[in-house]
Amino acid sequence: MGVPRPTEMTVRDLLQEELRRRGVTVVPEFSVQTPVGRMMPDMLLKDGAQYVVETKLGAEAKLLDAMMKLYEYSKFVTEAKGAFAVLFPKQLPMLFNKIFYCRLLLCFELWRSGKFVKF
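FYI, the numbering for the sequence shown is 10 to 128, going by our numbering.
Derived by calculation from the structure, the hints in this document are not laboratory data.
Some hints could be false.
[Stated by the list, open to error] For lysine-lysine, the following DSS-like pairs were computed, each having C-alpha atoms within a straight-line distance of at most 27 Å:
1. K90 / K78
2. K71 / K84
3. K71 / K90
4. K90 / K55
5. K55 / K78
6. K84 / K55
7. K99 / K78
8. K71 / K55
9. K71 / K99
[To be verified] DEER-style ranges, computed between Cβ atoms:
10. C116 / M18: 34 to 44 Å
11. E69 / T19: 13 to 23 Å
12. S122 / V45: 30 to 40 Å
13. R29 / L72: 30 to 40 Å
14. G57 / P37: 35 to 45 Å
15. S83 / C116: 20 to 30 Å
16. R121 / E69: 17 to 27 Å
17. G67 / E26: 16 to 26 Å
18. G32 / E88: 14 to 24 Å
19. E38 / G67: 13 to 23 Å
20. M18 / Y80: 37 to 47 Å
21. L115 / T43: 32 to 42 Å
Glycine residues also receive a C-beta, built at the ideal position from the N, C-alpha and C atoms.
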């Protein structure tokens, strides 16, 4: 048996844990009943306002899929003021290191403070 590799859920759980540590309320995989069926966004963030988050691991093509889901969620999660599509690079499970993770969190903190810079 090999060593288990981190999956999208593993990375998403770490992101949720860090957001909570920074004072953001995280509602993981909440469910919304709609006329077209049940929808389950990856998480809802509450930090002054509410934001729907959809995460994907892999190719950039998955980003469009996440954005399409967020558009659909926006029709039914009307209390949300915005949405985030988070694309984790497909190499992340292989390069799962603290430096990348810290830079991602630094980027989020800078965005929250209004001082976002590209890295």
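Against the structure, the hints:
1. Proximity of K90 to K78 is assessed by CA-CA distance (about 16 Å); at most 27 Å being required, the pair is judged to hold.
2. Restraint check for K71 and K84: satisfied, since their Cα atoms lie roughly 21 Å apart, inside the 27 Å limit.
3. Proposed proximity of K71 and K90 is supported: the alpha carbons are some 23 Å apart, at most 27 Å.
4. Of the supplied pair hints, the one linking K90 and K55 holds, its CA atoms being roughly 10 Å apart against a limit of 27 Å.
5. For the hint linking K55 to K78, the alpha-carbon distance of about 19 Å falls within 27 Å, and the restraint holds.
6. About 18 Å separates the Cα atoms of K84 and K55, which keeps this hinted pair within 27 Å; it holds.
7. In summary, the hint linking K99 to K78 is supported, as the alpha carbons are separated by about 20 Å, within the 27 Å threshold.
8. With a C-alpha separation of about 25 Å, the suggested pair K71 and K55 falls inside the 27 Å cut-off, and the hint holds.
9. Between the alpha carbons of K71 and K99 the distance comes to roughly 10 Å, so the proposed pair stays at or under 27 Å and holds.
10. The beta-carbon spacing between C116 and M18, approximately 22 Å, falls outside the hinted interval of 34 to 44 Å.
11. Between E69 and T19, the C-beta spacing of about 21 Å keeps the proposed range 13 to 23 Å intact.
12. About 38 Å separates the C-beta atoms of S122 and V45, a value consistent with the hinted range of 30 to 40 Å.
13. Checked against the hint of 30 to 40 Å, the C-beta distance between R29 and L72 comes to roughly 25 Å, which is inconsistent with it.
14. The supplied range of 35 to 45 Å is broken by G57 and P37, whose beta-carbon atoms lie about 19 Å from each other.
15. Hint check: S83 to C116, Cβ distance near 23 Å, so the stated range 20 to 30 Å holds.
16. One distance hint, 17 to 27 Å for the beta-carbon pair R121 and E69, holds here, with the actual separation near 25 Å.
17. Distance hint for G67 and E26: a CB-CB separation of about 22 Å, consistent with the stated range 16 to 26 Å.
18. Take G32 and E88: their Cβ atoms lie about 20 Å apart, and the range 14 to 24 Å holds.
19. Against the hinted window of 13 to 23 Å, the Cβ-Cβ separation of E38 and G67 comes to about 19 Å, which satisfies the hint.
20. A hinted range of 37 to 47 Å is violated for the C-beta pair M18 and Y80, which are about 23 Å apart.
21. Taking the beta carbon of each, L115 and T43 are about 36 Å apart, inside 32 to 42 Å as hinted.
Consistency with the previously given hints fails for numbers 10, 13, 14, 20, ordered from lowest to highest.
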